[in-house]
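**Student:** In order, the protein sequence lines correspond to chains A and B.
Quick note: the first sequence uses the UniProt record's numbering, first residue 1, plus one each step.
Quick note: the second sequence uses the UniProt record's numbering, first residue 1, plus one each step.
Source of the hints: derived by calculation from the structure; they are not laboratory data.
Incorrect hints may appear among the rest.
One side only, chain A facing chain B, incomplete, derived with CB under 10 Å [as the list claims (entries may be wrong)]: (1) 78; (2) 81; (3) 100; (4) 101; (5) 129; (6) 130; (7) 133; (8) 135; (9) 137.
Just so it is clear, CB atoms sit at the ideal spot from N, CA and C, and this is done for glycine as well.
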Amino acid sequence: MASIWRYLLAGLGLAALLVAILAVVFLTAPRSSLPAGPDVARTKKTDNGLYVASFVPERGVVRQGELESWLLTLKTKTGASVERAAIAISGGMPQHNHGLPTSPQVTDYLGEGRYRIEGLKFTMSGWWQLRFAISSGAGSDTVLFNVVL
Amino acid sequence: MKRLFRFLALMVAVVLVGCGKPDFSDAEKKTIASLALSSLPALKPDTTNHFADVPAAAALGSTLFFDQGMSGDGSVSCSTCHKIDRQFQDDLPQAVGVGHTNRRTMPLAGVAHDPWFFWDGRRDSLWAQALTPLENPLEQAGNRAAYAHYIKARFGERYERIFGPLPDFSGMPLNASPLGNDAEKAAWNAMSSAQRDAINGVFVNIGKAIAAFERSIAPAPARFDRFALDLATGAEPKGDAVFSKQEILGLKLFIGKANCVTCHNGPRFTDNSFHNTGVPPVAGLPPDRGRIDAVHQVEADPFNCLGAYRDGDVAACGELRFMVKNAPQLIRAYKTPSLRGAATRPPYMHAGQFSSLDEVVAHYAKAAPSVEGVSEVHPLELSDRERAALVAFLKTLSE
């Protein structure tokens with residue numbers, strides 16, 4: 001009889017071991033999403049509050065490894081369209097210490113404060129940053145957008 | 001008593017199976033699926049080359065690719081270096097044609113998916129690339145006027161069925177090129193611009209035919225792809241699709257701690273971009289600064305996408321229009337090579353600097369600084385077991 005208890009105890013011990021292993025595996029498994037990712041808002045106030053900028057892919061979706069065009073829409077604080085702005089674009093991947101793999105440029109003004117930016121390419125998945133230096137009659141300001149893919 | 005034993009045996013089995021089965025997070029599974037050959041998109045049409053998908057052009061291109069007549073001294077063809085039974089490369093640290101070159105022959109599987117060609121990307125289309133070795137004195141060492149005459153003599157009819165009538169060559173020199181020796185340059189300069197354009201036209205069509213052939217050179221599925229497919233569908237892996245524990249560890253390192261997948265990504269294991277990875281120069285070879293020096297060359301190439309010999313719309317020229325021209329990151333930056341088939345074709349890197357995958361992995365672990373410019377690679381803490389696992393994983397891309 002005593003031996004049965006011993007086996008039962010061994011069984012319980014093994015069960016506990018299994019639970020422990022599962023717990024370790026579960027707790028150390030890499031998370032599928034970034035814990036606290038960067039702010040990926042597509043519409044933002046510029047750094048000194050001169051403009052409201054929004055930055056969206058022209059085709060709606062972002063595809064890795066393809067040349068893409070995006071639209072940058074610029075409004076003043078009061079909501080007026082910003083026309084004839086000069087826009088300089090820079091950026092890169094902050095976690096990999098490198099700049100953009102292409103040099104995107106403004107290629108067209110589409111009216112109503114909308115500028116087409118061609119030549120963007122996200123060659124890797126991860127956290128990208130795009131900086132715009134904007135200057136127009138309303139003054140010069142900068143804005144940074146994060147894109148995570 | 002018996003039941004208890006069975007219960008215990010079952011629990012032991014559960015524990016063992018739990019350890020042996022590959023266990024990947026959802027993020028890892030997504031990355032693995034993105035590396036599988038099944039996720040390679042269909043080849044996009046090349047609108048800059050009207051003949052890219054014309055079978056007769058590809059057939060002529062294939063003939064030219066293997067034809068030693070396509071060289072200055074009749075001894076070298078594309079296939080001298082790009083050997084069909086060796087993944088279209090030659091196993092040498094630096095290629096040897098008419099002379100000894102300064103770079104390693106690149107394998108060609110899937111090359112038509114690339115936006116840039118050569119280790120430094122100094123050409124922007126497959127057809128413009130093909131023209132370069134033909135006139136390089138160290139490779140095929142010919143000149144474009146001689147090639148045009150040769151095409152007329154050997155393949156005139158085939159050529160005309162594809163590209164239309166050949167120009168009238170009467171009064172044109174037998175040897176002439178803006179890139180040739182002094183006599184060839186002088187002959188080129190003495191030609192009228194209409195004559196030069198006629199020769200260039202035939203020369204370009206040679207490139208377009210060879211490019212049409214190269215579009216058919218595709219990567220073959222490997223063990224990794226069978227493993228990835230089973231992982232994606234949840235099927236029980238069978239036969240060689242089963243990965244050993246070591247291979248699974250290597251895969252996890254490749255897409256995780258070792259960061260390889262940041263550059264070697266997508267189904268061809270390349271981001272099609274240029275990076276300085278601190279690979280040392282080879283003593284005795286001329287200085288090689290990689291991408292930074294290639295930018296001006298591709299801009300100045302009369303056969304680039306913005307030049308007069310492109311077919312189709314200028315909209316196809318985005319890569320050239322929006323290329324990075326003068327960032328410090330281009331110094332000693334080279335094109336990320338595909339890793340498919342790499343295990344069975346040493347040596348490695350742009351001038352054959354490393355002779356084994358063990359040396360490659362040791363290089364990444366150490367991450368020595370670049371002789372010029374800044375390496376993007378950071379030192380890795382890798383145990384001997386982990387290094388061996390990375391190499392074991394790379395081998396699954398070749399079997």
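**Student:** Decide, hint by hint, whether the structure agrees.
**Tutor:** Structure-based check of all given hints:
1. 78: Given a least distance of 34 Å, the restraint on residue 78/A is violated.
2. 81: violated, 26 Å
3. 100: The hint holds - residue 100/A has a Cβ within 10 Å of chain B, the shortest such distance being about 7 Å.
4. 101: holds, 5 Å
5. 129: It is violated, given that the least Cβ distance between residue 129/A and chain B is near 15 Å, above 10 Å.
6. 130: violated, 14 Å
7. 133: violated, 17 Å
8. 135: violated, 22 Å
9. 137: Since the shortest Cβ distance to chain B is 28 Å, the answer is violated.
Figure legend: structure checked against the earlier numbered hints; hints not met, in rising order: 1, 2, 5, 6, 7, 8, 9.
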